[in-house]
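In the order they appear, the protein sequences are chains A and B.
For the first sequence, my numbering gives the first residue as 1, with consecutive numbering after it.
For the second sequence, my numbering gives the first residue as 335, with consecutive numbering after it.
Among the hints, a few may not be true.
Derived DEER-like restraints, expressed as beta-carbon distance ranges [as the list claims (entries may be wrong)]: (1) B:Leu449 with A:Ser8: 42 to 52 Å; (2) A:Val230 with B:Phe763: 21 to 31 Å; (3) A:Pro95 with B:Phe763: 53 to 63 Å; (4) B:Glu732 with A:Gly298: 32 to 42 Å; (5) B:Asn425 with A:Val230: 54 to 64 Å; (6) B:Ala475 with A:Leu35: 35 to 45 Å.
Because the hints were derived from the structure by calculation, they are not lab data.
All residues carry an ideal CB built from backbone N, CA and C; glycine is no exception.
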Amino acid sequence: MVKKLLVSQAPHLHGKENTRRIMLDVLIALIPAVLVSVYFMGLSALSVFAVSIATCVAVEYLIQRYLINGPSTISDMSALLTAVLLALNLPPTSPWWMVMIGAVVAIGIAKMTFGGLGNNLFNPALVGRVVLLISFPVLMTDWTVPPSIFRVGADAISGATPLGIIKEGLAGGLTMEQLQGAHGFSYQYLLWGKIGGSMGEANAFALLLGFAYLLYRKVIRLHIPLTIFVTVALFTGILWLINPQQNADPLFHLLTGGILLGAIFMATDYVTSPMSTKGMIIFGVGIGVITVLIRVYGAYPEGISFAILIMNAMVPLLNMYCKPKRFGEVIKNG
Amino acid sequence: MSKTFSVGGIHPHDNKISANQAIENLPLPAVAYISMAQHIGAPAEPVVGKGDYVQVGQIIGKASGFISANIHASVSGVVKSVEPYPNPLGNKSMTVIIDVQGDEWMEGIDQSAELVGDINLSGPEIVKKIAEGGVVGLGGATFPTHVKLSPPPDKKAECLVLNGAECEPFLTSDHRLMLEKGAEIVVGTQLMMRALGVQKGYIGIEENKPDAIRHLSKLVKQHSGIEIVSLKKRYPQGGEKQLIEAVVKRQVPSMGLPIDIGVVVQNVGTALAVYEAVQKNKPLVEKVVTLTGRSLLNQRNFRVRIGAPLSELIAAVGGLPEDTVKVVLGGPMMGESALHLEAPVLKGSSAVLFLSEQETKRLPQSACIRCSKCIEACPMGLEPYLLYKYGLSNCVEELEQNHVYDCMICGCCMYTCPAYLPLLDMMRFSRNQVLAIMKNRPKN
């Protein structure tokens with residue numbers, strides 16, 4: 001009996017990782033945030049998710065099937081992930097056609113034009129969001145939330161985001177103390193509450209839960225989120241110490257305006273973030289600094305979306321100049 | 335506190351399922367195929383011909399050239415023929431094929447188990463006996479040991495590091511040797527230390543072998559100068575450069591050799607072979623080989639005569655398991671898959687590993703998602719994803735600028751890659767290409 005043997009080069013074993021599993025892990029990490037947004041914002045949130053997912057997956061499939069004539073990669077779940085992230089970056093009141101435009105821009109332009117998964121320079125979901133933000137500024141900053149079916153009798157959630165309220169209030173001559181008193185922005189509220197804002201910003205705790213899962217599964221490394229948090233805290237901390245009446249304190253900044261969603265889920269996107277540790281740290285610091293500059297001196301109350309996209313553009317440069325330390329490069333004697 | 339290396343590395347399941355199986359002697363084969371090319375360097379010259387009667391331990395191949403090693407008959411019998419015969423990888427080399435008759439050993443070989451601990455020879459005499467005994471590095475690289483123990487005059491060895499890490503999953507032959515032949519390994523270490531003229535020796539063992547660490551620690555108590563170092567369980571802890579860094583806290587420079595920083599590394603199996611060659615006059619004719627695999631019912635560690643066909647080893651464990659699709663010689667990370675099973679055991683064979691389709695399957699490739707897991711895993715601090723990209727477009731200059739020549743072919747990058755890219759297949763090719771260009775470049 002001669003049994004035919006398989007012959008190949010080493011290694012003969014492979015780790016358990018694969019692309020689909022990684023995408024699935026990120027989706028699992030997003031479950032708390034998705035559930036919370038549906039709980040707080042009800043059916044309108046569900047419909048945003050549904051439209052976003054359907055459009056993203058369909059656009060990717062159609063482009064691959066009819067424009068590229070290549071194999072379909074929708075089964076790797078990356079389009080699904082982009083869709084969920086895009087939805088979490090939109091207000092729950094977004095009309096269906098606006099969500100569709102965002103999804104077409106995200107997948108069609110930001111992802112597939114560059115060559116599909118792995119080749120895009122900018123985070124697709126953020127490109128989708130920013131295009132909508134610039135094109136439909138009124139719709140994109142209307143955070144009025146219809147009462148949820150899950151909270152019978154509840155009032156609609158107030159219209160503006162905490163950062164928006166503060167930016168407007170400070171410009172109108174009020175002090176931080178007055179603003180916080182008037183709107184009840186306690187930390188407890190910011191961590192647990194139904195914060196006005198995009199669907200993903202509704203509850204900080206849900207995002208932190210996802211963060212813990214991603215770290216546990218080793219999908220992401222701590223470097224990028226941590227440097228963003230530290231940079232934002234330091235920068236806003238200095239401003240706050242200089243003038244506490246005109247600047248919000250660091251914790252307030254960290255818990256509002258999508259810093260958590262951005263730092264944990266958007267800035268850590270493999271494709272659009274640097275590869276080496278050194279590069280990751282520079283990337284995170286850059287995002288932190290640009291975010292605070294936009295928040296304090298710029299026209300928008302938030303700013304992390306722009307900060308991430310600007311730093312995305314730096315990634316090829318960071319990859320070229322921040323090389324990992326080679327073994328035996330420096331001879332240590334001692 | 336266990337020590338380890340500083341860059342990269344992975345943690346595959348160690349699967350040491352055969353660790354509790356004591357070493358058994360495999361019955362003599364009916365025919366032995368003894369290749370003249372069982373080491374790195376020039377193949378040995380056969381010195382016997384068809385019809386000659388040979389005894390165990392008789393030289394049948396003489397070392398030819400500076401980097402070469404003697405080959406001895408591992409069985410007694412009549413030479414059937416001397417002809418090119420394919421090794422397990424299918425490469426043909428001159429092979430002495432012997433019809434086994436009885437088991438007659440050369441005179442002067444001490445086959446007893448009695449420990450000879452007294453060292454009466456000088457350094458050069460020890461090296462000479464090692465060369466005569468055809469001892470080569472048994473960690474897998476099969477570099478002739480006597481050459482490694484004779485550093486060039488401008489380099490000075492400061493210490494000897496013995497490799498007992500056995501970081502490859504599944505392998506247990508070194509583990510069993512340390513448990514069963516610990517005293518002999520310690521004497522072998524002392525012999526090599528004397529040959530090198532060094533006062534300090536280390537034996538590095540991964541912490542997943544606590545019994546071996548305990549046993550050898552007890553044995554070296556009465557010998558000053560030898561220290562047992564516990565190492566973290568991490569692949570490739572047994573890589574030469576990684577082992578040295580963990581033990582002596584120094585990095586071998588890029589493109590350099592361990593001797594550049596005063597270190598010589600030998601495998602624990604080699605230490606035993608050195609002991610036998612020097613103290614017992616017994617050349618390298620036997621090898622401990624692990625037979626293992628998750629679907630194998632009889633895990634075994636066999637003491638095998640070199641040249642025994644793999645098929646006899648496999649028959650001794652009840653034949654190929656039903657679901658085996660790949661037979662790997664050595665560990666799953668760096669071992670080579672066998673092309674045919676009539677091939678012989680070589681000096682460098684450490685294991686026969688049976689893998690099922692489930693275990694060894696490669697999923698279809700997908701696009702690189704720049705997750706940087708390959709960079710994290712690379713123990714040489716390279717960027718495998720980038721080298722792969724340059725390799726695909728054959729950018730040799732960029733490959734050299736990004737140090738592809740530093741790659742040690744450990745397979746960590748490919749093991750980790752979630753896109754199942756053939757990173758190492760490409761790297762192996764690129765590295766050899768770039769090394770050849772660098773070698774042939776005129777020096778100014």
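Range first: 32 to 42 Å. Now tell me if the beta carbons of Glu732 of chain B and Gly298 of chain A are that far apart. The hinted range 32 to 42 Å holds for Glu732 of chain B and Gly298 of chain A, with Cβ atoms some 40 Å apart.
Assuming the hint says 21 to 31 Å, is it satisfied by the Cβ distance from Val230 of chain A to Phe763 of chain B or not? Since Val230 of chain A and Phe763 of chain B have Cβ atoms about 43 Å apart, the given range 21 to 31 Å is violated.
Hint says 54 to 64 Å; check whether the CB-CB distance for Asn425 of chain B and Val230 of chain A agrees. Holds, at about 57 Å.
Given the range 42 to 52 Å, decide if the beta-carbon distance of Leu449 of chain B to Ser8 of chain A lies inside it. holds, 44 Å
If I claimed the Cβ atoms of Pro95 of chain A and Phe763 of chain B lie 53 to 63 Å apart, would that claim hold in this structure? Cβ of Pro95 of chain A to Cβ of Phe763 of chain B: about 55 Å, so the range 53 to 63 Å holds.
Return holds or violated for the Cβ distance of Ala475 of chain B and Leu35 of chain A against the range 35 to 45 Å. Since the Cβ atoms of Ala475 of chain B and Leu35 of chain A sit about 56 Å apart, the hinted range of 35 to 45 Å is violated.
Of the numbered hints given earlier, the model fails hints 2 and 6; all others are met.
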